[in-house]
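Enquirer: If you count the sequence shown from 1, position 60 lands on 60 in the UniProt record's numbering, and the numbers rise without skipping.
What the hints contain is simulated information worked out from the structure, not anything from laboratory work.
Keep in mind that this is a model prediction, so the values were computed, not measured.
Idealized CB from N, CA, C, for every residue including glycine.
Careful, some of the hints might be misleading.
Claimed, not checked - Using 30 Å as the maximum straight-line C-alpha spacing, the simulated DSS-like pairs for lysine-lysine come out as follows:
#, residue 1, residue 2
1, Lys86, Lys67
2, Lys23, Lys51
3, Lys16, Lys51
4, Lys29, Lys43
5, Lys86, Lys66
6, Lys43, Lys23
Unchecked claim - Pair by pair, the computed Cβ-Cβ distance ranges are:
#, residue 1, residue 2, range
7, Arg31, Pro52, 22 to 30 Å
8, Arg74, Glu10, 45 to 53 Å
9, Leu25, Thr45, 19 to 27 Å
10, Leu25, Arg79, 45 to 53 Å
11, Leu24, Asp50, 17 to 25 Å
12, Gly55, Lys23, 33 to 41 Å
13, Lys23, Arg75, 49 to 57 Å
14, Leu24, Gly46, 19 to 27 Å
15, Ser54, Ser3, 25 to 33 Å
16, Asp47, Pro77, 42 to 50 Å
17, Gly46, Ser19, 21 to 29 Å
18, Glu20, Val69, 46 to 54 Å
19, Ile87, Ser17, 50 to 58 Å
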Amino acid sequence: MESERSAIIELHMAGKSPSEILKLLNIAKGRRAFIYRTINRYKETGDTVDKPRSGRPCSVTTSALKKVVRERIRRNPHRSILEFSKIPFSQMRKFSPLKRLQPKRQSHLALSFSDP
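Kindly generate the complete structure, drawing on both the sequences and the hints.
Expert: The structure is reproduced here in C-alpha cells:
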C-alpha cells in the first residue's frame with residue numbers, strides 16, 4: 001500500500017494526471033478515489049502516512065487465547081457463534097489451556113450378543 005502511494009506521488013510530481021496514473025499503475029477503476037486521496041493528503045501534509053485513528057484498540061488475539069477458543073469449539077462443536085460470543089472473556093481465561101479441562105464424557109456403546 002505504501003509503495004503504491006509513493007508511486008502515485010512520484011507520477012504526480014512528474015506531471016501525470018490522476019487518470020494517467022490510474023492507467024500507468026494498472027490500478028482498478030474503483031480505486032480512483034484512492035489516487036485523489038493520496039494526492040490531496042500529500043498536498044496537505046507533505047506525507048502519505050495514515051493518520052492515527054482514535055477509538056477502542058483491537059482486541060488481543062494471543063496464541064494462548066486462540067488455543068482456548070479452539071478447545072471450547074472442540075468440546076462443543078455444535079455451539080453457534082452467537083452462543084459463543086456471549087461467553088465472557090474472564091470465563092474464557094478461567095478455562096485456559098494451562099489448566100486441565102474436564103474430560104469430555106464419552107458415550108459407551110454396549111453391544112450385547114445373545115447366544116441363540
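Enquirer: Give a verdict on every hint.
Expert: Hints, verified against the model:
1. Lys86 / Lys67: The hint holds at about 18 Å.
2. Lys23 / Lys51: Holds - the C-alpha atoms of Lys51 and Lys23 are around 27 Å apart, at most 30 Å.
3. Lys16 / Lys51: holds, 26 Å
4. Lys29 / Lys43: holds, 22 Å
5. Lys86 / Lys66: holds, 17 Å
6. Lys43 / Lys23: holds, 22 Å
7. Arg31 / Pro52: 22 to 30 Å: Roughly 23 Å apart at Cβ, these two residues keep to the hinted range, so it holds.
8. Arg74 / Glu10: 45 to 53 Å: About 51 Å separates the Cβ atoms of Arg74 and Glu10, which means 45 to 53 Å holds.
9. Leu25 / Thr45: 19 to 27 Å: At 21 Å between Cβs, range holds.
10. Leu25 / Arg79: 45 to 53 Å: holds, 46 Å
11. Leu24 / Asp50: 17 to 25 Å: holds, 24 Å
12. Gly55 / Lys23: 33 to 41 Å: Holds: the Cβ-Cβ distance is about 36 Å, inside 33 to 41 Å.
13. Lys23 / Arg75: 49 to 57 Å: holds, 55 Å
14. Leu24 / Gly46: 19 to 27 Å: holds, 23 Å
15. Ser54 / Ser3: 25 to 33 Å: For Ser54 and Ser3 the Cβ distance comes to about 27 Å; the hint holds.
16. Asp47 / Pro77: 42 to 50 Å: Check passed, 49 Å falls within 42 to 50 Å.
17. Gly46 / Ser19: 21 to 29 Å: The hint (21 to 29 Å, Cβ to Cβ) holds, given that Gly46 and Ser19 are roughly 24 Å apart.
18. Glu20 / Val69: 46 to 54 Å: holds, 49 Å
19. Ile87 / Ser17: 50 to 58 Å: Since the Cβ atoms of Ile87 and Ser17 sit about 54 Å apart, the hinted range of 50 to 58 Å holds.
This entry satisfies every hint, going by the numbered hints stated previously.
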